[in-house]
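One-letter residues, chain by chain:
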Amino acid sequence: MHLAYPAVLAVLLFCVGLYGVLARRNAILVLMSVELMLNAVNLNLVAFDVWLRDTLHAGQALTLFTITVAAAEIGIGLAIVLLVYRNRGTSDVDKLTDLADTGTLPDSGSASIAPATDNPADTAAEQALRAREQTA
Amino acid sequence: MTGTIHSLWTTAADSATPLDKIPTPKIEYAQLSPVLIVFGAAVLGILVEALLPRRSRYIAQLGVSVTGLAAAFAAIVALAADGYASAKSHIAAMGAVAVDGPALFLQGTIVLVALVAAFTFAERRLDPLAHGRRVDSFAAQGSTVPGSEQEKRAVRAGFTTTEVFPLLLFAVGGMMIFPAANDLLTLFVSLEVFSLPLYLLCALARRHRLLSQEAAVKYFLLGAFSSAILLFGVALLYGYAGTISYGGIADVISGTAKMTPALANTTANDSLLLIGGAMVVVGLLFKVAAVPFHMWTPDVYQGAPTPVTGFMAAATKVAAFGALLRLLYVVLPGIRWDWRPVMWGVAIATMVIGAIIAVTQTDVKRLLAYSSIAHAGFILAGVIALSPDGVSSVLFYLAAYSFVTLGAFAVVTLVRDAGGEATHLSRWAGLGRRSPLVAAVFAVFLLAFAGIPLTSGFAGKFAVFKAAAQGGAVPLVIIGVISSAIAAFFYIRVIVLMFFSEPQPGGPSVAVPSALTSTAIAAGVAVTLALGVAPQYFLDLAGKASVFVR
Numbered sequence: 001m002h003l004a005y006p007a008v009l010a011v012l013l014f015c016v017g018l019y020g021v022l023a024r025r026n027a028i029l030v031l032m033s034v035e036l037m038l039n040a041v042n043l044n045l046v047a048f049d050v051w052l053r054d055t056l057h058a059g060q061a062l063t064l065f066t067i068t069v070a071a072a073e074i075g076i077g078l079a080i081v082l083l084v085y086r087n088r089g090t091s092d093v094d095k096l097t098d099l100a101d102t103g104t105l106p107d108s109g110s111a112s113i114a115p116a117t118d119n120p121a122d123t124a125a126e127q128a129l130r131a132r133e134q135t136a
Numbered sequence: 001m002t003g004t005i006h007s008l009w010t011t012a013a014d015s016a017t018p019l020d021k022i023p024t025p026k027i028e029y030a031q032l033s034p035v036l037i038v039f040g041a042a043v044l045g046i047l048v049e050a051l052l053p054r055r056s057r058y059i060a061q062l063g064v065s066v067t068g069l070a071a072a073f074a075a076i077v078a079l080a081a082d083g084y085a086s087a088k089s090h091i092a093a094m095g096a097v098a099v100d101g102p103a104l105f106l107q108g109t110i111v112l113v114a115l116v117a118a119f120t121f122a123e124r125r126l127d128p129l130a131h132g133r134r135v136d137s138f139a140a141q142g143s144t145v146p147g148s149e150q151e152k153r154a155v156r157a158g159f160t161t162t163e164v165f166p167l168l169l170f171a172v173g174g175m176m177i178f179p180a181a182n183d184l185l186t187l188f189v190s191l192e193v194f195s196l197p198l199y200l201l202c203a204l205a206r207r208h209r210l211l212s213q214e215a216a217v218k219y220f221l222l223g224a225f226s227s228a229i230l231l232f233g234v235a236l237l238y239g240y241a242g243t244i245s246y247g248g249i250a251d252v253i254s255g256t257a258k259m260t261p262a263l264a265n266t267t268a269n270d271s272l273l274l275i276g277g278a279m280v281v282v283g284l285l286f287k288v289a290a291v292p293f294h295m296w297t298p299d300v301y302q303g304a305p306t307p308v309t310g311f312m313a314a315a316t317k318v319a320a321f322g323a324l325l326r327l328l329y330v331v332l333p334g335i336r337w338d339w340r341p342v343m344w345g346v347a348i349a350t351m352v353i354g355a356i357i358a359v360t361q362t363d364v365k366r367l368l369a370y371s372s373i374a375h376a377g378f379i380l381a382g383v384i385a386l387s388p389d390g391v392s393s394v395l396f397y398l399a400a401y402s403f404v405t406l407g408a409f410a411v412v413t414l415v416r417d418a419g420g421e422a423t424h425l426s427r428w429a430g431l432g433r434r435s436p437l438v439a440a441v442f443a444v445f446l447l448a449f450a451g452i453p454l455t456s457g458f459a460g461k462f463a464v465f466k467a468a469a470q471g472g473a474v475p476l477v478i479i480g481v482i483s484s485a486i487a488a489f490f491y492i493r494v495i496v497l498m499f500f501s502e503p504q505p506g507g508p509s510v511a512v513p514s515a516l517t518s519t520a521i522a523a524g525v526a527v528t529l530a531l532g533v534a535p536q537y538f539l540d541l542a543g544k545a546s547v548f549v550r
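As they're listed, the protein sequences go chains S and A. Residue numbers for the first sequence follow full-length UniProt numbering, so the first one is 1 and each next one is one higher. Residue numbers for the second sequence follow full-length UniProt numbering, so the first one is 1 and each next one is one higher.
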């Protein structure tokens with residue numbers, strides 16, 4: 001098999017992943033797209049390894065590391081996304097706009113800022129309101 | 001269909017048993033001791049978390065972290081004194097890690113920065129008491145929903161996230177390997193080892209937890225995206241050169257490597273090298289926050305807990321620039337005519353855009369984030385010089401910049417109102433009248449950012465621009481000086497705001513920190529002034545450490 005086939009397939013996979021990261025709005029789907037990109041890399045590495053007849057099999061070793069690290073990465077990523085989902089009721093990356101270049105004064109902007117959760121009085125009602133706004 | 005076909009399944013049977021060519025691995029534990037000490041301390045921290053009762057964890061974690069980092073610094077100094085920074089510099093761990101001047105210098109910087117950052121992590125006097133206990137700036141329990149009954153219970157029970165210390169140490173260990181990585185595998189693994197703990201640290205703020213979690217999501221998604229791009233570049237470079245070691249790739253690029261038919265086939269195609277090199281560099285530019293890969297920086301810096309922001313802004317930049325330097329100076333000097341024009345463009349865009357957007361900012365943390373972007377541009381100017389002077393000036397600049405950044409963010413943690421830190425600039429008006437000392441210290445840091453003489457910023461900028469000009473990049477230097485002037489405008493504006501405007505009624509108060517944050521700020525001021533008043537010793541040190549081993 002010529003090197004071009006796996007290489008082109010890998011590039012296609014990578015581009016699908018790239019498109020997914022840029023176009024998808026659901027954080028979970030973005031994570032899946034990143035996984036596609038990483039698997040394109042794995043395919044590429046193994047194909048090059050075989051093509052070059054690497055006696056030390058650096059490409060395959062690197063693939064094993066990539067798979068392991070990708071698993072760790074996805075674990076942490078899911079944990080963070082889950083945390084955000086439980087707080088906001090959504091994992092839509094477009095809705096994560098509390099941090100942005102707004103230039104508003106703190107008085108007018110404070111409605112969109114999360115409450116300081118150590119104050120016992122302020123939180124529960126505001127949180128409920130917030131969740132209702134976002135699920136609506 | 002015969003000659004060029006590689007049989008997938010019979011390769012191993014055809015060739016002589018490849019196993020006899022694999023040399024027995026030997027690991028130079030003594031030369032890797034700085035990194036090993038830090039990772040050892042991190043593992044010890046995990047054990048502390050598992051075995052000690054909650055009450056004693058904080059002291060134990062702080063002790064383990066500070067001892068581990070101090071021991072690692074001692075090991076680095078010992079290695080440097082032993083000549084590993086110059087004459088004895090070589091590649092350890094079977095070609096995976098370089099032990100040379102730039103690596104040791106940057107590792108020393110990172111460890112010192114982390115030591116100071118550990119103090120700011122441990123600060124417990126700034127927040128008001130929660131149920132009679134002193135609390136730090138990290139969430140009582142990271143998994144709880146803000147405002148929920150569960151969280152209230154965690155706060156009442158006095159839980160604290162002491163896991164931040166092992167996370168800090170793991171990040172530091174990864175950052176120490178990153179600039180020393182001498183093959184692409186080590187580069188990738190160390191990148192992930194320092195990135196993953198940082199994602200978690202970003203999400204753990206005690207106050208403004210939604211903002212903190214949002215910052216973590218943004219940082220994570222863009223970080224994972226950029227590391228995937230870097231990894232694809234790694235795969236292409238491996239496909240081009242048939243090896244992942246830096247020296248081996250450089251040999252293939254310069255044409256001195258031994259050719260095999262398969263290698264001749266892949267090296268005939270320069271696009272593998274060019275695209276692969278470009279993608280690896282893009283991955284690193286994401287980490288140094290160069291334009292156009294800077295979008296995550298202001299959001300993440302603003303949302304993350306401020307001690308984490310300070311550590312991240314200082315140490316990540318040091319590590320990532322170290323890796324970028326080694327990649328460009330060791331692996332890719334053979335195609336410098338291809339990457340230099342691109343890096344020119346990136347450096348110019350980074351300097352100009354960072355400085356101009358910073359002018360419009362109204363939040364102190366965002367302001368410092370954009371200023372860090374502008375500084376990345378100045379450092380890139382030194383990277384482009386492609387000379388020993390370029391390396392030494394970048395090393396010096398990184399050391400100077402990291403302490404100023406850490407100190408500045410430590411000051412930001414002090415200015416507070418009822419909702420936590422008061423980061424909006426309008427709240428800082430008249431701070432100089434209310435607490436002259438804090439405002440004066442912050443002014444020193446801002447002047448250092450601006451590059452005013454007698455501060456470390458001036459010495460660093462002068463060194464970087466001098467190296468760039470000698471490297472033939474005079475237009476770059478002119479643009480750099482102009483954007484420094486733009487940047488100076490907004491630094492001075494903050495100083496004017498602090499000292500020459502009336503304090504707001506009901507404005508923020510300045511919390512009195514414990515010895516921990518005071519030490520961090522004092523260290524920042526001391527390094528800023530020492531490197532500004534007497535830069536020569538440190539410039540010499542950086543100059544002696546400026547040769548990469550291959």
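Source of the hints: derived by calculation from the structure; they are not laboratory data. On a predicted model such as this, the values are computed, not experimentally measured, just so you know. Where hints are given, some of them may not hold.
Distance windows between CB atoms, simulated [said to hold, decoys possible]:
(1) A:Asn-269 <-> S:Ile-74: 49 to 59 angstroms
(2) A:Tyr-537 <-> S:Tyr-5: 57 to 67 angstroms
(3) S:Thr-55 <-> A:Glu-28: 17 to 27 angstroms
(4) S:Val-8 <-> A:Ser-56: 23 to 33 angstroms
(5) A:Gly-345 <-> S:Ile-74: 45 to 55 angstroms
(6) A:Ala-268 <-> S:Cys-15: 17 to 27 angstroms
(7) A:Leu-437 <-> S:Ile-74: 45 to 55 angstroms
(8) S:Tyr-5 <-> A:Glu-149: 49 to 59 angstroms
(9) S:Gly-75 <-> A:Ala-50: 46 to 56 angstroms
(10) S:Val-8 <-> A:Gln-536: 47 to 57 angstroms
Idealized CB from N, CA, C, for every residue including glycine.
Hint-by-hint comparison with the structure:
Restraint check, Asn-269 of chain A to Ile-74 of chain S: a C-beta distance of roughly 33 angstroms breaks the suggested window 49 to 59 angstroms. Between Tyr-537 of chain A and Tyr-5 of chain S, the C-beta spacing of about 59 angstroms keeps the proposed range 57 to 67 angstroms intact. Range check, Thr-55 of chain S to Glu-28 of chain A: Cβ separation about 24 angstroms, and the 17 to 27 angstroms hint holds. Range check, Val-8 of chain S to Ser-56 of chain A: Cβ separation about 59 angstroms, and the 23 to 33 angstroms hint is violated.
Gly-345 of chain A and Ile-74 of chain S have their C-beta atoms about 34 angstroms apart, which leaves the hinted 45 to 55 angstroms range violated. The hint said 17 to 27 angstroms for the Cβ distance between Ala-268 of chain A and Cys-15 of chain S, and at roughly 24 angstroms that hint holds. Checked against the given bound of 45 to 55 angstroms, the beta carbons of Leu-437 of chain A and Ile-74 of chain S, roughly 47 angstroms apart, stay inside it. At roughly 58 angstroms, the beta carbons of Tyr-5 of chain S and Glu-149 of chain A sit within the given window of 49 to 59 angstroms.
Evaluation of the 46 to 56 angstroms hint for Gly-75 of chain S and Ala-50 of chain A yields a failure: the beta carbon distance comes to about 19 angstroms. In this structure the hint that Val-8 of chain S and Gln-536 of chain A lie 47 to 57 angstroms apart at CB holds, the actual value being about 56 angstroms.
Checked against the numbered hints above, the structure breaks hints 1, 4, 5 and 9 and satisfies the rest.
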